[in-house]
Amino acid sequence: MNTITQYLTHDHRRCDDLFVDAENHVCKDAWLEAGTCFNQFRTGLEHHFAMEEQVLFAAFEQKTGNTQGPTEIMRGEHRQIRAIIKLLMQSLALQDKDEYLGHSETMNIMIQQHNLKEENMLYPMTDQVLTGIQSDIIDAMSVIETGSQRAMSAVINLDVCGLEPPEPLERVLDALAKLEVGDRLCMLIDREPRPLYPILERNHFSYETKTRDDCLFEILIWHKQ
Amino acid sequence: MQRKLSFEQTPELSIPLRFFLTAPVFAVLAGLLLVWFGPQALAVRWSPVTLALTHLLTLGVLTMSMTGALIQLLQVVVGIDVPRVGLTAAIVHGALILGTCALTSAFLSSAIPLFQLALVFLSLAFTWLLGACLAGMWRIKADNMTFAVMRLALVALCITGGLGVLTTSALIGALALPLISLTNLHAAWGLLGWVTLLVIAVAYQVVPMFLVTSVYPPRVTRYLGASLFALLIVWTALHVQSTVTWHRLSSIVSVLVIAALALFSVITLGLLWKRKRRVPDTAIFFWYVSTASLLACCGLWLAGLVRPEIADMPCFALMPGVLFIVGFGYSVINGMLYKIVPFLIWYHLQSRLADIGMKAPNIRKIIPEQAAVRQFYVHLLTLCAMVLATIFPGQLTRLAGVMFIASSLWLWVNLLRATLFYRAALLK
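Protein chains in written order, with the numbering used here: chain A, 1 to 225; chain B, 1 to 428.
These are calculated hints, taken from the structure and not from any lab test. Keep in mind that the hints are not guaranteed to be accurate.
[Unchecked claim] Per the computed footprint, the stretches of chain B lying under chain A, defined by three or more beta-carbons under 8 Å from a beta-carbon of chain A, are: (1) 96-109; (2) 208-216.
[Said to hold, decoys possible] Computed beta-carbon distance windows for the label pairs: (3) G76(A) to R18(B): 50 to 58 Å; (4) L302(B) to S135(A): 50 to 58 Å; (5) A424(B) to H204(A): 39 to 47 Å.
Backbone N, C-alpha and C define an ideal beta-carbon position, used for all residues, glycine too.
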């Protein structure tokens, strides 16, 4: 990765793949998996926007002295994309397949034409304007990566002790659908939830099981990196 | 020098839309021609009706929509300012319509003044278009392969136009030139140069991005377009010689051209087959039909080269043309219109509606998937009927014509409803 164009283009493809995964799950009515993938996509996208808006665009604007040019238009498109994200989240929450697929079609074309402009025009321009300090910019952007993830990282507690099956499983699956990348779910349960483990494996979650002194089980779950 | 950026200058909605809404109308006219004249339209390559039909399709449908897409893409994808884009669109669009109508009526009536009129309008349309596009394009380094191949496509259009002028002059007796040879060259540059190169250029970007497939192998994107262009030049040079040895060489070049086209079709089919996105998408169906038709056309052409008795069959005169123009060209354009038009309308709508704090509806409400899928099946049946009509012109030409009208009219209605949707949403 030696140019800004390559670095960010690669990140576009990563977000695209997550977006398509979410959509494919919706097609199959697999709402839980769709939720997980969508959250990964949303986190990835927000992170991508943060790299651009906070580091790259700022550096570009400082160097060129132009804050009303292409970067401002790209910020505008980011706002439009965020608006579609909200619509997608609503249809995801309502499990409305038609609405979701309609908005995801809009999203796909919106994002792809946005990528096209950035990859063909803006990134090469930034590589040109920021010649010599490209690696610093890329470093600064990758720091945002870890920084923002650490800042957002949270532990969500879920106590399902005393509930009758299948309620504990349902509760944890609901919670996992909303779990952000980087966050962790801490589940407290009075017996070891063996059926849960293969489900976690299949959906790309990592987990750790601890037996507490009071004989309750504590299961820590997070998205595999 | 830093290239000038034109993000904000997304052309006005009416600029590309006028081309896209005009193209299906010419397709309907082509269908009427088939119905009106019947079998003679699809019996021999050289009948005036066939020539009129061919130009209605290549100029009125293919070139019309490709020009609209080109003006839009140059500005948005490559960041080139088309100078005075409103005026350019108005002149190119108007001159292309008048030129196509004049040329079609000239073929049907054999009236020399009409040929002259067609030459004036079409020369105006293409000179203006090339001037507006190439001026900006030549200043940019061609590091992007879509852009490099697009430029070659425009050069091919330039050559096609030039050969068209010579062919017409020979036809009306103004110049003493070998008419058949010129016509072959004109057709080769128009179809294999302009149409194919532009489709290839656009496919490099559009297939991976909008249809969500892997990208074309870099070695292919790097060399395919330029090779095809170079082969056309060699083929032209050999064609002008026209001795027996040169003829053999020119067959070898033809085989290479076929190989290049087949390579493009096979790779595209492979990409579509392995695409990541699982949502049903009408544009994909159109791409399948388009690339499969191109492949079939290659097979037919190769068979004709290897076994001359196949090339002598009456249906061979027109079947490759139908597969190429309707199967390959019209299908891909029909499919892409279903991607481009709803997006453009949505894009303009949401920016207008955002000002008054409203949200634009999702893209699938602008052209419902159902309407597009049904029109696709009609298009597919029409293509089959037209291919069969080249074998049985007596029985099937009129039926194929009626189907062609139905399919194109339906496309037009779908696009028109999208436009009306835009108006209605703004008036609300």
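Need the list of violated hint numbers for this structure, in ascending order. 1, 3
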